[in-house]
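Got chain A; can you put chain B on it based on the hints?
Same order as they appear, the protein sequences are chains A and B. The first sequence begins at 1 in our numbering and counts up by one. The second sequence begins at 1001 in our numbering and counts up by one.
There's no promise every hint is true.
[Unchecked claim] Keeping only pairs whose Cα atoms sit at most 20 Å apart, straight-line, the calculated EDC-like set for lysine to aspartate or glutamate is:
1) A/64 / A/27
2) A/41 / A/63
3) A/41 / B/1083
4) B/1056 / B/1041
5) B/1059 / B/1083
6) A/41 / B/1038
7) A/41 / B/1005
8) A/41 / B/1041
9) A/20 / B/1041
10) B/1056 / B/1083
[To be verified] Here are some of the chain B residues that sit facing chain A, going by a computed Cβ distance under 7 Å:
11) 1031
12) 1081
13) 1105
14) 1108
None of these hints come from the bench; they were simulated from the model. Here the structure is a predicted model, which is why all the values come from computation and not from measurement. Glycine included, every Cβ here is placed at the ideal spot set by N, Cα and C.
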Amino acid sequence: GAVVSQHPSWVICKSGTSVKIECRSLDFQATTMFWYRQFPKQSLMLMATSNEGSKATYEQGVEKDKFLINHASLTLSTLTVTSAHPEDSSFYICSASPGAGTQYFGPGTRLLVL
Amino acid sequence: TQLLEQSPQFLSIQEGENLTVYCNSSSVFSSLQWYRQEPGEGPVLLVTVVTGGEVKKLKRLTFQFGDARKDSSLHITAAQPGDTGLYLCAGFSGGTSYGKLTFGQGTILTVHP
Chain A
1 GAVVSQHPSW VICKSGTSVK IECRSLDFQA TTMFWYRQFP KQSLMLMATS NEGSKATYEQ
61 GVEKDKFLIN HASLTLSTLT VTSAHPEDSS FYICSASPGA GTQYFGPGTR LLVL
Chain B
1001 TQLLEQSPQF LSIQEGENLT VYCNSSSVFS SLQWYRQEPG EGPVLLVTVV TGGEVKKLKR
1061 LTFQFGDARK DSSLHITAAQ PGDTGLYLCA GFSGGTSYGK LTFGQGTILT VHP
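In isolation and in its complexed conformation, chain A is listed as follows:
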């Protein structure tokens, strides 16, 4: 149980375009979803916390207009990287939480902006 999927698993795009990443909890309802960014050989950096039906809470230093988060249902959250630039290239990971601090992670999405 507790499977979280992410789509796409990798994406290459041109600078200036927008990219949408989906995060789905497949066999449970997630009251909260989280979006992380991870650089090579480093820990996870929380970008934002998303609760179903409400606005996401962004961490300090994360531009909310750059990284748009929509949490339309208890099983789906999306992260849109708007006007992507090469410095946005990274590994983006989502997690879904049914509550009580437990988080189940997706497999990640590798983004490369040319």
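Here is chain B on its own, set in the frame of chain A:
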């Protein structure tokens, strides 16, 4: 701001050796989780410890939560090349944190055959 200091950051050992990874904080956590992550994949939950002094075993892995719930350790006995990966500890403080986890810096473990 809560911090979770994880050490060591890098560990390179031979197959069959034992190792311990530590996570320490000045803050109390309601629970602490350990994850293992392989390159290009998401972290996989290994264990959650909740009670101060709790010890959990998962085959060759032993996890301990400190009595004061401020620190934790992961001990691997007779490491194997398949144990290679990034190990992450993460603390949950409960309350109004909305389920946010505080992550340690991670430990990159390499086990050589």
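For each hint, the structure was consulted:
Distance check on the hinted pair: residue 64 of chain A and residue 27 of chain A sit about 29 Å apart at the alpha-carbon level, beyond 20 Å; violated. Proximity of residue 41 of chain A to residue 63 of chain A is assessed by CA-CA distance (about 24 Å); at most 20 Å being required, the pair is judged violated. Distance restraint check for residue 41 of chain A and residue 1083 of chain B: the Cα-Cα separation of roughly 16 Å lies within the 20 Å cut-off, and the hinted pair is therefore satisfied. Between residue 1056 of chain B and residue 1041 of chain B the alpha-carbon distance is near 25 Å, which puts this suggested pair outside the 20 Å criterion.
The suggested pairing of residue 1059 of chain B with residue 1083 of chain B holds, with an alpha-carbon distance near 12 Å, which does not exceed 20 Å. This hinted pair checks out: residue 41 of chain A and residue 1038 of chain B have alpha carbons roughly 10 Å apart, not beyond 20 Å. The hinted pair formed by residue 41 of chain A and residue 1005 of chain B meets the criterion: a straight-line CA distance of about 16 Å does not exceed 20 Å. Taking the CA atoms of residue 41 of chain A and residue 1041 of chain B, the gap is about 12 Å. The hint holds against a cut of 20 Å.
About 19 Å separates the Cα atoms of residue 20 of chain A and residue 1041 of chain B, which keeps this hinted pair within 20 Å; it holds. For the hint linking residue 1056 of chain B to residue 1083 of chain B, the alpha-carbon distance of about 18 Å falls within 20 Å, and the restraint holds. Taking 7 Å as the C-beta contact cut-off toward chain A, the hint placing residue 1031 of chain B at the interface holds, the least distance being around 6 Å. For residue 1081 of chain B, the suggested interface contact is broken, since its CB lies about 18 Å from the closest CB of chain A, more than 7 Å.
A hinted interface residue such as residue 1105 of chain B counts as satisfied when its beta carbon comes closer than 7 Å to some beta carbon of chain A; here the least separation is about 5 Å, so the hint holds. Given hint, residue 1108 of chain B at the interface with chain A, holds; its Cβ is 6 Å from that chain's nearest Cβ, closer than 7 Å.
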